[in-house]
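Asks: The numbering used here applies: residue 47 is where the sequence shown begins, and numbers increase by one.
No lab work stands behind these hints: they were computed from the structure. Honestly, I wouldn't trust all of these hints.
In silico lysine-lysine, DSS-like type, Cα no more than 25 Å apart, as pairs [said to hold, decoys possible]: (1) K185 x K203; (2) K203 x K124; (3) K124 x K193; (4) K185 x K124; (5) K124 x K192; (6) K124 x K137; (7) K137 x K185; (8) K137 x K193; (9) K192 x K203; (10) K187 x K137.
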Amino acid sequence: MGNLMESEQQPAAAAVDGGSNSHVFITREPLSLDRLMMQVADNGCGAITTFSGTTRDHFEGREVVRLEYEAYEPMALKEMERIAQEVLDGKCGRTVRRVACAHRLGVVPLGEASVIIAVASEHRPEGFDACRYMIDTLKAKVPIWKKEIYADGSTWKANKEWDPS
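Produce the complete structure using the sequences and hints provided.
Replies: Structure (structure tokens):
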């Protein structure tokens, strides 16, 4: 699927279509795991591996009410596409054929996804490795910032993985 179809499905999205094998986007709308799985579906693959990062109701003993995300969108999309291309170029094994990554901005209520990754690979080990690599690298390199809203206040959080270099 290309940009037009994705933007029709995700009206407030900025997207980068890396050809038929990768797709990344940022949106303020709820994310759909099914949509990303359809984006990476490939009859030559025996696995579609996914990661979904959701808003939990607590952090370090504090009650979380919601999360809010902001990003420098042009750079975030560029970095997300770079990460996807690294995986397609063999960073996590040669059997990964298709990848998709979506990140939500704005308010993300409890139980909803802020990031979803889907990887189609011929075999499951490469799919699991690719999902882990993509989320860890996204958190370390992509300029997306999280504000945690607690029952007793709020704070901007840096990812422990963040590496500004």
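Asks: Each hint: holds or not?
Replies: Hints, verified against the model:
For the suggested pair K185 and K203, the alpha carbons sit about 12 Å apart, so the restraint of at most 25 Å is met. Proximity of K203 to K124 is assessed by CA-CA distance (about 22 Å); at most 25 Å being required, the pair is judged to hold. The suggested pairing of K124 with K193 holds, with an alpha-carbon distance near 22 Å, which does not exceed 25 Å. The hinted pair formed by K185 and K124 meets the criterion: a straight-line CA distance of about 14 Å does not exceed 25 Å.
For the given pair, K124 sits about 19 Å from K192 by alpha-carbon distance, which is consistent with the 25 Å threshold. Between the alpha carbons of K124 and K137 the distance comes to roughly 18 Å, so the proposed pair stays at or under 25 Å and holds. At most 25 Å may separate the alpha-carbon atoms for a hinted pair to count; K137 and K185 meet this at roughly 17 Å. Distance hint between K137 and K193 is unfulfilled; the C-alpha atoms sit about 31 Å from each other, more than 25 Å.
Proximity of K192 to K203 is assessed by CA-CA distance (about 6 Å); at most 25 Å being required, the pair is judged to hold. The straight-line distance between the Cα atoms of K187 and K137 is roughly 16 Å, inside the 25 Å bound, and the hint therefore holds.
Hint check: a violation occurs at hint 8 only; the rest are consistent with the structure.
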